[in-house]
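Colleague: Read off the chains here:
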Amino acid sequence: MAQSTTLDEPIGGLMEGVTDSLNSDLVQSRATGEPEWLRNRRLDAWASYERTPMPTTRLEEWRYTDLSRKLSLDALTPMEWSERAFDRESAPARMAEAMEADHESSGHVVEIDGTVAHVDLDADLAAKGVVLTSLRSAVEDHPELLEEYLATRALPADRGKFQALNAALWTDGIFLHVPRGVRLEHPVRVTRWLSEEGKALFSRTLIVAAEASQVSYVDEILSDDMEVQSLVSSAVEVFAGNGAQVQYVSLQRLGHGPFHLSQQRTIAGKDATLDTLNVNMGATTARLDLNAQLLGSGANSDMLGLCFGEGDQHFDHNTSQDHVAPHAYSDLLYKGALDGRARSVFRGIIKVHKGAQQTDAYQTNRNLLLSEEARADSLPNLEIEADDVRCSHGATVGQLDQDHLFYLMSRGLSRTEAERLVVIGFLGEVLSKLPLGGVVEKISRAVEAKLNV
Amino acid sequence: MSDTPILSIRDVHAKVADEDTEILHGVDLELGKGEIHAIMGPNGSGKSTLAKILAGHPGYEVTAGSITYKGEDILEAEPDERSKAGIFLAFQYPVEIPGVSIANFLRTALQSREEEGGELDLFDFQDELLARMELLGMDASFAERPVNDGFSGGEKKRNEILQMAMLRPELALMDETDSGLDIDALQVVADGVNKLHQENPDMTVLIITHYQRLLNYLKPHFVHVMVKGKLVRSGGPEVAEELEARGYEEFKTVEA
Ligand SMILES: Nc1ncnc2c1ncn2[C@@H]1O[C@H](COP(=O)(O)OP(=O)(O)OP(=O)(O)O)[C@@H](O)[C@H]1O
Ligand SMILES: [Mg+2]
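Quick mapping for you: the protein sequence lines, in order, are chains A and B. For the first sequence, the residue numbers in our numbering are 1 to 453. For the second sequence, the residue numbers in our numbering are 454 to 709.
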């Protein structure tokens, strides 16, 4: 790729994506008053951001998502951290409804516009040393853990344009630490709300589950519909120590308008189980980058995903099953149902490193098109450097055909009811593998709501 | 047969919606309330096409003629409206619906029959479902299996009749329900249908079949022969016996 140099291009950097409001002044101001290690991490991240070109469709990983058309960084102003109170009574309807459905939890966090506004944690768990807090307070209260884990081992800033941007500009987020051997009976539930349009919001999640601990975590993000685009950047780092059992669930139910960018890295230690479920229902464009690293031998990862798109929604899933250690197992199942002119992309790679003998790794992507104009692209991939492995991948794209609809309607179901039944049945396979309380109901209702529009 | 017929088909011509070739070339048929009729005929003669048209399949277009059900023209009605009005089609080739259990499917179907705002009583539903499954010799665990997904041919047909028993139609169209059933299953299913007919003697049944066997159990009042998109002969049960003995040869030469 030829690069023409102009006089006003700064030395050593392309500066792509640096705007009037997303610039080094902003990084400086975010770093003010922070401990040195963190300030340096931000500044390094920003330098990396400036150096890295904006991804284009010429890159395989961005081939189907044209950022130059889908994202207008120039039009965005950064969401600032600000002291907030959360009052359940006056919560927006969509948010209240989502929280209503959250029965049985070990703890709850509410984040509003990139600022944690409320945290509660079961007192017994707190007494056992469980930490659930905002990332900002964790910087003060648990500096050693943060320095060890934040934006360095899982999502280091120099591994991608947007990874760098988030590491440089995050305002707040959630930190969960589960000490050795502690098991949480109920999920930790997080409700994140975006209220403003035209904003760029950067938030991070850091989950550290120590040896033999157990936790499930449901991370829900919501907003109302918006006329003007907002960018929501979520960076999620999950560590499961040896023998730990961790489930991370992301429910993306943003309204129409926002661009959601979710970058996730999970790292599973020896004999650990680290499962993920990514649900994409909302946003105008949603991009997921998920790298599941099986770092310890005998590690296990189920990677589940589902999306349901309508209108002009665009979902891009980019996954990697990264087998470093031998005797590990990963099984990915992503399903997408698409109506209207919605579009989904699935690009998944199973990467088996040299020493990772006796790997079991599977990958399945299935899509159901409900309309003529919907489209699904599926690009499964294998990269295997070990010789004693079991791997498979498969992808299908099917159409909800006239005969299916006729069969259901001939029993008295309306077209909408018939579609709902088929879609829920199709996506239900994914949900049945991770039946967390409240999650299935929320997704069913979200599907219904979308079919009724 | 003094009442107005429940179904009256007049000179119906039909074709596949986006093609030109005509499949039905002028079908006339009247079904009186509570009667049992059978249509027999060679492969490809248009029997399933007729059944699907009656249930409102959007893939076919009626180009001439009329179909009235209970005195009303139903050609414009959607399949779900026809179902709610009491028409039921047991499919020759039932469709698989992965991930949707039979119980859930039937609950949704019955719920959609409730008046606006009405709620299906779930306990009654459960009792009724179990009773109907027993009637048809089906194990209770069947209700939790996804509709037709991985079912054997016989299981699919039994499931069609289970749906019919639950939805209690006034006009039941049974398209080759007997094919794929073993002799014992055929007997169970036929007994089930007879039971439904006893429960509701006003239920009208149109059986499409290739075999006399089913008709020995479900005694039709009238038998019709369809060849090349037309009904070429109508009569009493003896017609089926003649066909069993002589086949369709004599009709095939008839002008289509
Ligand atoms: N959707 C379609 N597209 C094209 N041709 C069709 C379609 N449906 C029916 N046909 C044709 O119409 C004719 C009648 O088909 P139909 O299925 O009604 O026959 P049938 O009498 O039910 O046969 P069988 O006894 O084998 O079930 C056949 O030639 C068939 O190929
Ligand atoms: Mg047929």
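Quick caveat, the hints were computed from the structure, so don't treat them as lab data. Be aware that a few hints might be false.
If you want the footprint, here are the derived chain B segments under chain A, 3+ residues with CB under 8 Å [what the hints assert, rightly or not]:
(1) 541-547
(2) 574-583
(3) 654-661
Calculated pairs, EDC-like style, for lysine to aspartate or glutamate (alpha carbon to alpha carbon, straight line, at most 20 Å) [claimed, not checked]:
(4) B:672 <-> B:644
(5) A:433 <-> B:473
(6) B:468 <-> A:403
(7) B:683 <-> B:534
(8) B:672 <-> B:694
(9) B:523 <-> B:481
(10) B:537 <-> A:417
(11) A:433 <-> B:644
(12) B:609 <-> A:148
(13) B:683 <-> B:652
(14) B:537 <-> A:225
(15) B:486 <-> B:473
Heads up, the beta-carbon is just placed ideally off N, CA and C, and yes, glycines get one too.
Colleague: Indicate, hint by hint, whether the structure satisfies it.
Modeller: Here is what the structure says about each hint:
1. For the stretch 541-547 of chain B, the assignment as covered by chain A holds, since 4 residues bring a beta-carbon within under 8 Å of that chain's beta-carbons and 3 suffice.
2. Check on the stretch 574-583 of chain B: 0 of its residues sit with their Cβ under 8 Å from a Cβ of chain A, so the three-residue criterion for coverage is violated.
3. Coverage of the stretch 654-661 of chain B by chain A is violated. Counting CB-CB distances below 8 Å, 0 residues qualify, and the rule asks for three or more.
4. For the suggested pair residue 672 (chain B) and residue 644 (chain B), the alpha carbons sit about 11 Å apart, so the restraint of at most 20 Å is met.
5. Restraint check: the Cα-Cα separation between residue 433 (chain A) and residue 473 (chain B) comes to about 48 Å, which exceeds 20 Å; the hinted pair is violated.
6. Distance check on the hinted pair: residue 468 (chain B) and residue 403 (chain A) sit about 17 Å apart at the alpha-carbon level, within 20 Å; holds.
7. Distance check on the hinted pair: residue 683 (chain B) and residue 534 (chain B) sit about 27 Å apart at the alpha-carbon level, beyond 20 Å; violated.
8. At roughly 12 Å between alpha-carbon atoms, residue 672 (chain B) and residue 694 (chain B) fall within 20 Å of each other, so this suggested pair holds.
9. Taken as a hint, the residue 523 (chain B) and residue 481 (chain B) pair is honoured in the structure, with Cα atoms around 16 Å apart against an allowance of 20 Å.
10. Using a Cα cut-off of 20 Å, the hinted pair residue 537 (chain B) and residue 417 (chain A) holds, with the two alpha carbons roughly 14 Å apart.
11. Distance restraint check for residue 433 (chain A) and residue 644 (chain B): the Cα-Cα separation of roughly 41 Å exceeds the 20 Å cut-off, and the hinted pair is therefore not satisfied.
12. Taken as a hint, the residue 609 (chain B) and residue 148 (chain A) pair is broken in the structure, with Cα atoms around 59 Å apart against an allowance of 20 Å.
13. For the suggested pair residue 683 (chain B) and residue 652 (chain B), the alpha carbons sit about 33 Å apart, so the restraint of at most 20 Å is broken.
14. A hinted pair counts as satisfied when its Cα atoms are at most 20 Å apart, and residue 537 (chain B) with residue 225 (chain A) does not qualify at roughly 37 Å.
15. At most 20 Å may separate the alpha-carbon atoms for a hinted pair to count; residue 486 (chain B) and residue 473 (chain B) exceed this at roughly 35 Å.
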